[in-house]
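Each chain, letter by letter, is given below.
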Amino acid sequence: MMTSFFDQFASPSYLGIPLIAIAIALPWVLYPTPSSRWINNRLITIQGWFINRFTNQLLLPLNVGGHKWALLLASLMIFLITINMLGLLPYTFTPTTQLSLNMGFAVPLWLATVIIGMRNQPTVALGHLLPEGTPIPLIPVLIIIETISLLIRPLALGVRLTANLTAGHLLIQLIATAVFVLLPMMPTVAILTATVLFLLTLLEVAVAMIQAYVFVLLLSLYLQENV
Amino acid sequence: MADKPVALAQRKLMDVKLGELPSWLGTRDFTPNGLLGSVRGGYERYYNKYINVRKGGIGGVAMFLAGYVALSYLWEYDHIKHDRWRKYH
Chain E
525 MMTSFFDQFA SPSYLGIPLI AIAIALPWVL YPTPSSRWIN NRLITIQGWF
575 INRFTNQLLL PLNVGGHKWA LLLASLMIFL ITINMLGLLP YTFTPTTQLS
625 LNMGFAVPLW LATVIIGMRN QPTVALGHLL PEGTPIPLIP VLIIIETISL
675 LIRPLALGVR LTANLTAGHL LIQLIATAVF VLLPMMPTVA ILTATVLFLL
725 TLLEVAVAMI QAYVFVLLLS LYLQENV
Chain P
25 MADKPVALAQ RKLMDVKLGE LPSWLGTRDF TPNGLLGSVR GGYERYYNKY
75 INVRKGGIGG VAMFLAGYVA LSYLWEYDHI KHDRWRKYH
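Chains as they are written, first to last, in our numbering: chain E, 525 to 751; chain P, 25 to 113.
These stretches of chain P come out as covered by chain E in the derived footprint (C-beta under 8 angstroms, 3 or more residues):
| no. | segment |
| --- | --- |
| 1 | 72-78 |
| 2 | 87-100 |
Partner residues aside, some chain E positions facing chain P, computed with beta carbon under 8 angstroms:
| no. | residue |
| --- | --- |
| 3 | Asp531 |
| 4 | Asn565 |
| 5 | Arg566 |
Derived SDA-like pairs: lysine to any residue, alpha-carbon spacing no greater than 20 angstroms straight-line:
| no. | chain 1 | residue 1 | chain 2 | residue 2 |
| --- | --- | --- | --- | --- |
| 6 | P | Lys41 | P | Ala31 |
| 7 | P | Lys73 | E | Ile563 |
| 8 | E | Lys592 | E | Asn576 |
| 9 | P | Lys79 | E | Ser560 |
| 10 | P | Lys73 | E | Pro556 |
| 11 | E | Lys592 | E | Arg643 |
| 12 | P | Lys73 | E | Gln571 |
| 13 | P | Lys111 | E | Met709 |
| 14 | P | Lys36 | P | Lys73 |
| 15 | P | Lys105 | E | Asp531 |
| 16 | P | Lys105 | E | Tyr615 |
| 17 | P | Lys111 | E | Gln532 |
| 18 | P | Lys105 | E | Ala534 |
| 19 | P | Lys105 | E | Ser535 |
| 20 | P | Lys79 | E | Asn564 |
| 21 | P | Lys36 | P | Glu68 |
| 22 | E | Lys592 | E | Ile640 |
| 23 | E | Lys592 | E | Gly641 |
Calculated directly from the structure, the hints in this document are not laboratory data. All figures in this text were calculated on a predicted structure; none of them were measured in a lab. The beta-carbon is built from N, C-alpha and C at its ideal position, and this holds for glycine as well.
With these hints in hand, go ahead and build the complete structure from the sequences.
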């Protein structure tokens with residue numbers, strides 16, 4: 525059986541239970557609901573503060589109609605950031621490396637923003653297809669280009685998240701294998717490569733958070749255009 | 025002084041003697057509702073002991089994540105043992 529570096533992205537299953545099910549259910553357990561006390565414990569307070577700050581920040585550019593999406597966008601962001609960060613722990617499985625999951629998030633939400641725009645304000649929504657101030661001969665071409673750019677948005681959203689996370693995990697595994705193999709032969713080179721691995725892990729932590737944020741931010745931008 | 029005789033069904037696992045283990049298991053509730061109740065009970069016990077305290081720190085979350093790493097290792101063991109056996113990576 526030929527094994528490759530991509531085997532880490534195959535969903536492992538044990539006793540009939542796929543690990544992806546546990547990995548997707550885990551973020552729900554990690555954020556307990558605040559009790560009805562006046563002052564909660566430290567962790568719940570930090571959690572509530574962070575969620576409040578983030579939702580406030582995210583909803584700044586949206587008008588009142590977009591505020592209906594506050595719960596969805598905030599919970600999506602928490603979910604993605606938790607899953608990405610948990611995937612950096614050893615031996616864990618990252619569900620967001622699966623394109624199916626990311627497309628499952630991207631396509632319905634993007635389609636919802638488009639349909640809301642077309643239904644509530646069709647002229648404005650169609651008007652977004654032509655940027656202001658374009659020279660008249662360019663109009664037909666530009667409308668085609670803008671339509672293609674609109675239709676490619678869900679694909680871009682899903683593939684961006686998948687590709688970033690998959691590439692990061694793959695790089696970590698490659699460089700870690702290199703360090704492991706070089707250690708008996710050339711320890712100095714191994715130490716240099718280990719430094720690269722350390723920096724890469726820091727980058728991966730950043731990427732995990734940034735990618736989740738970008739996903740939700742772009743979605744809110746699409747919403748802002750259409751609402 | 026001898027302990028008060030408590031019925032088998034009401035005892036916790038740590039209070040059950042080894043010989044009584046099969047009969048104790050027979051008194052437990054293995055219906056879906058029962059399993060859900062036991063999961064919820066376990067969650068509440070862990071939460072109230074390690075997270076819902078006045079000066080909770082990183083320990084409660086860290087123990088939970090360490091358990092998750094161990095669980096993932098168990099799930100992926102079949103794949104990992106091939107990594108150990110392989111001559112060329």
